[in-house]
Amino acid sequence: MTFVRQFAGLLRVNVLGLLERRSQALTLVLGVACAVGVLVSMLAMCVGARRHEMADVRTDRVVLMSVGAPDATQSSISKDQAASIGVLPDIRQAANHKPIAVAQLLVTMEARERSDGRRITFPLIGVTPGLRDLIPELHLTAGRMFTPGLNEMIASNLCARRFYGFNLGDKREIQGIDWVVVGRFDQGQGEEGCLVYADAGSAFAAFRRDSYNQVTVMLQSPKDYSDLQNAVAANPMLRVDAKRESQVIEEQYERFNGILFFTSYFVGTVMALGATLGAANSLYAIVDARRRELATLRAVGFRSGPIVASMLFEAELLAVLGALLGAALGRVFFNGLSASPFGFSFHLTVTLQLLVLGVAWALIIGLAAGLLPAVRAARMPVTAALRA
Amino acid sequence: MTGKYASLLWAGIFRKPGRTVLTVLQIVIAFGLFGVLQGLKSGVEIAIADARADLLDVRPKVGGSPLPLAYLDRIKALPGVKVVSLLNGFSATYQNPTQGLYTLAIDPNDKAWLTESPEIFKVSPASLNALAKSRTGALVSAELEKKYGWKIGDQIPLLSPTTLQENGSDVWTFNVVGTYTLHELGGSGGDMIVINNAYLDEARYQDRGTVQHFHVVTTDPRLAIAVADSIDHEFANSENETRTESYRESAQSQMQSIGDLNFTIRSIVGAVFMALLFSTATMTAQSIRERTVELAILKAVGFSDRAIFSLIAAESIVVWTVAAALGLLLATIAFPYAARMVPGISMPWVVVDIGLAIAVVIALASASIPALRAARLNVATALAGQ
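Protein sequences appear in the order of chains A and B.
Using my numbering, the first residue of the first sequence is number 1, and each one after it goes up by one.
Using my numbering, the first residue of the second sequence is number 389, and each one after it goes up by one.
Don't take each hint at face value.
[Said to hold, decoys possible] Some, not all, of what chain A presents toward chain B, calculated at C-beta under 8 Å:
1) Val267
2) Val270
3) Thr351
4) Leu355
Keep in mind the hints are simulated off the structure, nothing from the lab.
Just so it is clear, CB atoms sit at the ideal spot from N, CA and C, and this is done for glycine as well.
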C-alpha cells in the first residue's frame, strides 16, 4: 500500500516537474519520435509495396514453368507440353466449354520513357486464346482485342501514359515487322510498368520461336491445387512445376522485398539504439538536476522501489509520447504518398499494426534507457547529495 | 599556456564521464548510419561517373538470337569507331554441377584487349600471345588458380549441357596457357576463364559464325551517342537488329533504383542529425548551468570572455570530431556488408570529408548558445547567486 501511495506521489512530482525540465524531456521525446517515425515510415513503404504486388493475386490461378526455372524468361514449354497441360483435370471451363489454360511466350521489346527519354525493356506477351477468361480483371477501355494471326497488340493504359508509341493506331517496329496497337486496357490494381499482349501464333511466326515460356491455368476451385500438382507429377512428359500465382509473385519480388525489409529494420534498429543512448543521457541529466530533491525524498522515507518505478514510468510516458509524435509525423509526410524507390510506384501504408509496433519499440527504448538512471536516482547517497 | 588549456579542456569533457560516453556513442551511431547511407548514394554516383562513355556494348535487340560475326567489319567501317572486339561464350560447370564457370571467348589476335577494354579484364601481351598460339588454350585468374589449384599446363575438362560440340559431346577440355586479372569493378561475382573464339566457333554444333556481343570504343567520348545510334541504324530492319549502349548508360540504368532512394536517405539523415543537434545542445546547456561557479572562478582569475567561449566551443568540437571519426570508421568497416546489393561500389573518401565537416558545423551550432551564455557570465552574480 505504501508502495502505491509513494509511487503515485512521486509520479505526480515527476510529471509536474517535467515542465521545468522541458528541454531534457523534449530531447527524449524528439529522439524517440525520429527513430520511431523513420521505422514506421520505412515499414509502411514495405507494406505498401507488398500490398501493391499482391493486389491482383487469385488463389485459383496456377502458373506452370519448366522445372527449376527461376523466372519465365528461363523457362521453355513446347507446344506439345502446352497441349497436354490444357487437358489436365480440375481446370475450369470457359463459357465456350474450353479449359481456361493460356500459354504465353515472352519477347523482349523496348520503349522510351516519356519523362526522361530513358530506354527500358519489357516483354511483349504472346498469348493463346482465353486471356479474358483467365484475367477477368482486364478491361478494354479503348479500341478492340487483337485479331489472331495478325500483327496486332493491345497495351495497358499505364504503359501508354508512361512510354511513347502505345496510342491507338501506333505502329511499333520489332525486328523489321510492324505491329499495330489496336486496343488499350486496364488490368487490376497491382499493374506496374508495361503490359502488352499479342496473339501467340503471330508472335511465333514473327520471332521464329517454337516454344512458350509458361502456361497459366484457372482451377475450378483453389483447393484443387494439390490434385493438379499430382496430375502434373504423374505425367512423365511434363517436366514442369505448378506454382500458385502468389508464390510466383512472391519469388519474383523476393530480393526486392528482402532488401526493403532488411534496410528498414537495419536503419530502424540503429536509430533506436541512438535514441536509447540519447534518452539515457537525458534521464541521467534529469536525475543530476534533481539530486537535492531526490536526496530529500529519500531522507524523508521514500523507498527505492517506488522511486525506480516512478522514474521508469516517466521514461515510458515520454517515449510513448515520442512514438505517437513520430508515427503522426510519418503519417502526415508519407501516408498515401507515391514513393518511387526501385523505379515503380506504390503507396505507403501506415496501418494500425505499424502504430502498435512503433509504440512497442518506444516502450523498449524507454525501459532500456530508463533503467540505469532510475537505479542511480534510487541509490542517491543522502548525505553527499544534501551537502552539495 | 596551451598545456593549461588542454588540461582544462580535458577536465571539461570528462566532468561527467558517463554522460560524455553516452553522447559520444550517440554521435558514433549517427555518423555510422550517415556514413553507410551517404556512402551508398555517393558510391553509386561515382560508379556511374567512372563508367566509360566511349565504350559501347552492341548486343542483340531481341534476346536469344546471337549476332552474325560479319557485323564486325561493318561496324568497323562506321565513322567514329576506333576498335571493335567480339565477345562470345557459354556457361559450363567444373567437376560438379554447383561449380559454375563462364567461358568468355575472344579473338586473341585482337590487340585491343591489351589496352582498350580494361573494364572486362587485364591481360599481359605474353598471355594473349600464348592464347593466340594454342587452339584449346585458356587464361585463368589468380582467384581460380587458388580455388581449383590450377597452374599453367593443366588440362581442365568442363561440362556444358547447353553448348554441344559437333560430335554431340558436352565435354570441353581446355589447357591453361596464361593468366588474366579481373578489373575491380568488373567482378560480376561469377568465375570466368578466357578462351579462343576461333576454336569455340569451329568446334560447336550450333550458332556457328555468330557472336553474343561486340565491344566498340569510339574515337571520341563525345561521339558515343551518335556512334551508338549509327550502329543500331546500320542493322535496323534486318533479321538481327542490335541494341547499342555505352557502359555509362547501362551503369545509369542498373543503378537507377538506388538513385531513387535519395529522398529516403536524405529524410533519414536529416532526422538523425536534427535529433542529435537538439540533444547535444540541451546537454551542453545543462552542463554550463552545472558549471556556473567553476566558470565564474575562471573568469575571476583572469580568463577573457573569448577564452571561455573558445573553451566551451573547443570541448564540443573535440567530442564531435573524435566521435564522428569513430562513427565514420565504423561505417567504412561495415560498408562492404551494406553494399553487397550494389556490386562494384566502394566507400568514397568524400563521405568522410563531408561527415567531418558536418561534425564541426553541428558541434559549433549546438555549443554556440551555451558558450555565449558562459562567456557573458557575470562573475559577481554567478558566485553569489547559488
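Cross-check of the supplied hints:
Here the hint on Val267(A) is kept, as its CB sits about 6 Å from the closest CB of chain B, short of 8 Å. Of the supplied interface hints, the one on Val270(A) holds, with its beta-carbon coming within about 5 Å of a beta-carbon of chain B, less than 8 Å. At its closest, the beta carbon of Thr351(A) sits 19 Å from a beta carbon of chain B; the interface hint therefore is violated under the 8 Å criterion. Nearest Cβ of chain B to the Cβ of Leu355(A): about 18 Å, over the 8 Å cut. The hint is violated.
Of the hints listed earlier, those the structure fails to meet are numbers 3 and 4, in rising order.
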